[in-house]
Amino acid sequence: MIRVTCYVIRENMYSQITANKRKSVFLMTIFIAIIIGLGYVYSKAMGDTTYGGVWFAIIISLGSTMISYFAGDKIALYTSGAKAITKEDNAYVYRLVENLCIASGTPVPKIYIINDPAINAFATGRKPELASVAVTTGAIEKLENEELEGVLAHELSHVKNYDIRFMTLVAVMVGAISILANIFLRSRFFFGGRRSNDREGGGQLAAIFMIVGVVLAILSPIVAELIKLAISRRREYLADASGSLLTRYPEGLAKALEKIQAENMPLRQASTATAHLFLVNPFQGKSLKSLFSTHPPIEERIKKLRTMGA
Amino acid sequence: MTPTTIVLIVVGLLVLWIIFTYNGLIRSKNQVDEATSDIDVQLKRRYDLIPNLVETVKGYMTHERETLVKLTEARTAAMAAHNNPNATMAQKEAAENMLSGTLKTLFAVTENYPELKASQNFLQLQDEISDTENKIQAARRFYNGNVRDFNTKIQVFPTNIFAGMMKFTKYEFFQASEGERQNVKVQF
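Protein chains in written order, with numbering that gives the first Met the number 0: chain A, 0 to 309; chain B, 0 to 187.
Simulated from the structure, these hints should not be mistaken for lab results.
Any given hint might turn out to be false.
Computed footprint of chain A on chain B, listed as stretches where at least three residues anywhere in the stretch have a Cβ under 8 Å from a Cβ of chain A [said to hold, decoys possible]:
#1 128 to 134
#2 138 to 147
Okay, the calculated beta carbon distance ranges per label pair [what the hints assert, rightly or not]:
#3 B/Pro-113 with A/Arg-94: 25 to 31 Å
#4 A/Met-264 with B/Ile-160: 56 to 62 Å
#5 B/Glu-65 with A/Pro-106: 42 to 48 Å
#6 B/Phe-172 with A/Leu-129: 29 to 35 Å
Every residue, glycine too, gets a C-beta built ideally from N, C-alpha and C.
Based on the sequences and whatever the hints tell you, model everything.
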């Protein structure tokens with residue numbers, strides 16, 4: 000019990016959110032630095048002084064991600080076949096969510112049910128006022144009261160920690176980097192030959208930049224993607240922790256995860272685009288390598304939850 | 000840089016620090032107060048539900064007059080403690096726990112009245128009340144979280160010096176769940 004108390008003191012509710020926002024700024028800075036660096040090398044290698052490619056990449060990425068930012072919740076709910084419920088439809092689930100919201104001091108989100116026997120849940124919405132939480136019928140039927148509560152607390156923590164907004168920003172950056180890298184690799188083949196004729200003196204320097212550029216263009220999208228996945232996994236641990244802080248019962252979520260692990264049933268309607276939103280990876284059973292997964296391994300999460308309760 | 004400039008910069012920084020610290024403390028304090036009123040909302044909901052419950056149950060439970068009287072008394076006592084500005088946190092808590100205890104006793108006794116258990120009205124009330132109990136617990140947890148944050152803020156260095164000067168004092172935590180469990184044991 001002593002460990003629980005220590006943990007609780009360390010993980011101050013508001014300071015954790017502040018820390019998240021701070022980390023977000025830090026990561027954004029890293030991503031922007033990568034983009035600027037890539038853009039610099041790119042323009043040096045191509046002799047393009049307008050940085051047109053960089054702006055193009057950022058604008059395209061921003062545009063596509065803005066759509067997911069403003070309509071992402073509706074898309075996610077629609078593609079997963081979630082149906083909105085009211086208190087009358089399912090007072091049990093509604094009250095669980097309502098009570099958790101009282102305990103966390105957030106507004107009650109819209110609640111959805113997905114007709115699917117697999118145990119899973121997801122949260123979406125760019126801010127707590129616009130959040131939605133969806134659970135599968137499998138979760139409602141197969142999980143005990145405190146297990147379902149743990150699951151819902153995890154989802155509500157995603158909302159409270161502004162994870163959806165944060166992951167959207169990360170997606171903009173990763174998108175910009177990979178578009179930039181793509182432009183670079185393609186345009187090199189189109190304009191590469193002509194340029195060396197144009198500029199005799201800078202030829203050697205341009206060639207060096209070209210080599211560096213190619214290496215960067217190949218590596219940076221992979222690195223960016225890996226950072227994104229690592230962030231996504233970190234947010235899962237964070238949601239596990241802040242969810243436990245809400246219910247004061249980490250064992251509830253741990254047991255729920257155990258049941259999910261034992262079942263090992265993938266969700267019928269899942270897409271890679273919405274995978275990071277779910278409680279556990281909706282594609283489980285397809286054995287993803289952990290480095291390329293949006294979620295940490297379930298055993299690892301259970302272990303962490305158990306140390307919280309010990 | 001002249002010594003005057005340095006002094007001015009230091010004083011300026013100090014003033015800024017004081018402003019930020021003070022505003023931060025006020026914000027935390029308001030969060031605690033807000034959490035307190037959240038608990039009040041739920042407590043009030045429970046006070047409002049009890050007369051309905053007594054009305055519904057009265058017709059069926061002819062042999063339990065005493066339990067019902069106790070319940071009404073406990074409600075009155077809890078409301079009195081709640082509205083008394085001089086009552087300490089512990090006193091309020093004791094009164095609320097007493098009320099929870101009598102409610103639990105009442106629901107335990109209803110097991111002997113099958114007709115009552117069949118009444119839709121009663122079942123709905125029972126449901127509402129137990130939900131309110133859960134909500135009271137949740138609101139208290141939120142309150143405790145806010146109190147913890149506020150207490151930490153005014154205790155850490157160097158804010159503690161300033162908080163002491165401004166007469167910011169620690170808030171008390173709720174320890175309801177433990178007390179409630181014991182209360183029930185006494186009742187049975």
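To see whether the hints hold, each was checked on the structure:
| no. | hint | verdict |
| --- | --- | --- |
| 1 | 128 to 134 | holds (count 3) |
| 2 | 138 to 147 | holds (count 6) |
| 3 | B/Pro-113 with A/Arg-94: 25 to 31 Å | holds (26 Å) |
| 4 | A/Met-264 with B/Ile-160: 56 to 62 Å | holds (58 Å) |
| 5 | B/Glu-65 with A/Pro-106: 42 to 48 Å | holds (43 Å) |
| 6 | B/Phe-172 with A/Leu-129: 29 to 35 Å | holds (33 Å) |
In summary, the structure agrees with every hint in the numbered list given earlier.
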